[in-house]
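Taken in order, these protein sequences are the chains called P and R. The numbering used here applies: residue 1 is where the first sequence begins, and numbers increase by one. The numbering used here applies: residue 1 is where the second sequence begins, and numbers increase by one.
Since the hints were made in silico from the structure, they are not lab data. It is possible that some hints are incorrect.
Here are the simulated lysine-lysine pairs, DSSO-like style, with alpha carbons at most 27 Å apart [said to hold, decoys possible]:
| # | chain 1 | residue 1 | chain 2 | residue 2 |
| --- | --- | --- | --- | --- |
| 1 | P | K45 | P | K61 |
| 2 | R | K4 | P | K104 |
| 3 | R | K7 | P | K196 |
| 4 | R | K98 | R | K191 |
| 5 | P | K196 | P | K102 |
| 6 | R | K98 | P | K52 |
| 7 | R | K98 | P | K102 |
| 8 | P | K107 | R | K4 |
In this text, all values refer to a predicted model and were calculated from it rather than measured experimentally.
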Amino acid sequence: MKKRTQKGNFHQILAPILFLLPNLLIFGLFIIIPAFQGLRLSFMKWGVFTPKQFVGLDNFKNLLSDEVFWITFKNTIVYSISTVICLLISSLVLALLLSRNKIKGEKAFRATFYIPALISLIAVGIAWRFILGDEMGIINYVLREMNFNPVSWLTNGTMAMLSVIIVTVWAQSGYYMIMFIAGLQAIPIELYEAAKIDGASAFASFKRITIPMLKSTILVVLVLATIQSFKAYELIVTMTKGGPGYATKFVVQQVYQVAFIEDRFGYASSMSMVLMIVIAIFTLIQFKATGKEESYE
Amino acid sequence: MNNKQSKFLVIQHIIVFLLAIFCLFPVIWVLLSSFKPQSELFKIPMTFFPKNWSFSNYVAALSYGSFTRYFSNTLFVAVVATVITVLINIMSGYALAKYIFPGRNLIFTIMIGTLMIPLQVIMIPIFLQLKRFGMLNSLWGIIIPPAATPTGIFLARQYMVNLPNSMIESARIDGAKEFFIFTNIIIPLSKPIIATIAIFSFMWRWNDYLWPLIVITDNDKQTLQQALANFVGQLQINWSSLLAMTTISIIPVIVVFLIFQKYFMSGITTGAVKG
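Chain P extracted, bound-state conformation (with noise of 0.2 Å):
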């Protein structure tokens, strides 16, 4: 490859940057200027309606002491270290029962599982705010037919986090059990046959072959379902609107408030900083635990 570049042809160096010329300029002027701004604000006081002043390290000790923000700095790790372990739990068992041509209707079976992946969050919010109603859902309607005691799906603190949690999965298990069902598929078949011969149980081999194999799956898996339950936003506002109380309020809605609608555009800045250190830390975390380094070659 290298001899046939010829050295100084002005094209071959020209004409990639012209290619990667618009994607660099929108990355530079909406994802990195605006990374380096955020931390320069995290160090100020600033709103729309409140002069720009420098205020040192006052941002972060003033969060130390922010009851609110650690609720929904709690709430989030909580939700995020649950929905993590769950999807991979649940989009693992789904790819392993529909990866072996053993379901009838396999085919059909992942485009079903995969449909609630394809719903906005927004609308998902909706669908299991109807489902979960108090007085008038399903669920709980269910629930009093056959006498049981309606639960309070989403008025009742602990229960309304649960439900985001289980919600969550259930939106986004059909998304990684694609991705698992492609690394399974990858694995080559003789190994579980020479394993079978050496009299190893299915458990046995579960350990020792699948999830050696599927490491950098699993590692995928992790680090997108991680930043998106950092991310997560869109299903509150429209399943609990972060409530009852603080209950179900994550950082992401907190920096929401606090910027747009109290207008403190550098202390809800700091919040950021401390989102981003967090995904940075955990992603990293990641990275090291499954003892992979990143290779997208």
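Following the hints, complete the assembly by docking chain R onto the known chain P.
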């Protein structure tokens, strides 16, 4: 196959079937309920199917405020944004796959790395940046900034790496210009990945809520997802109309999915196996 194995297989079928019901029930329940007249929606005893099929909710939804406006705004954003996204992302993918130039790997790493800086953590500076460029309250403010997508570039590059170099080389020897090679050789060869990126882009734009929320404040420039969220925000939710609106908002993506299913699957798996 022995008895124990076949029993296990039956159990697996039952599990898959029950999970499929859990998966589809909410969608079907919303769909069926949207055809129940208002008087029937919360009437006890509840019935699964509407007793009187009624389109009145849809009539009400379509005549509600600017609903048709929201629909056409969303369609405009989704279609125009998809065209731009596909074009600039395959251009980048091509540059990263088929040219050797200083800083190539660095650029690729930075582009993929932007995945770790989602809109959610830079909402405020993005808002200020859009304000500076006069893009607030304009549909172009929703269309342009998210058009460069790391996943689109990644998919395009992975696909194009495997295109034969020989065709590009011989076109060059024949004196073809670089841009001509891109439009007349690379684009026709890349149809599958173009379809994949287009479909994901369309779906994502159709469903997006946060970008429009930050960019748009004028009522008549809002998108469907914003309208749905506003409708839920009201103190008294009119569920009948809301369910009809929700159904209307879901249908386009489901239709696109059913037509282009195989591109969906290949789009997701490219990232998963290569890792």
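Check: Against which earlier hints does the structure fall short, listed by number upward?
Finding: 6, 7
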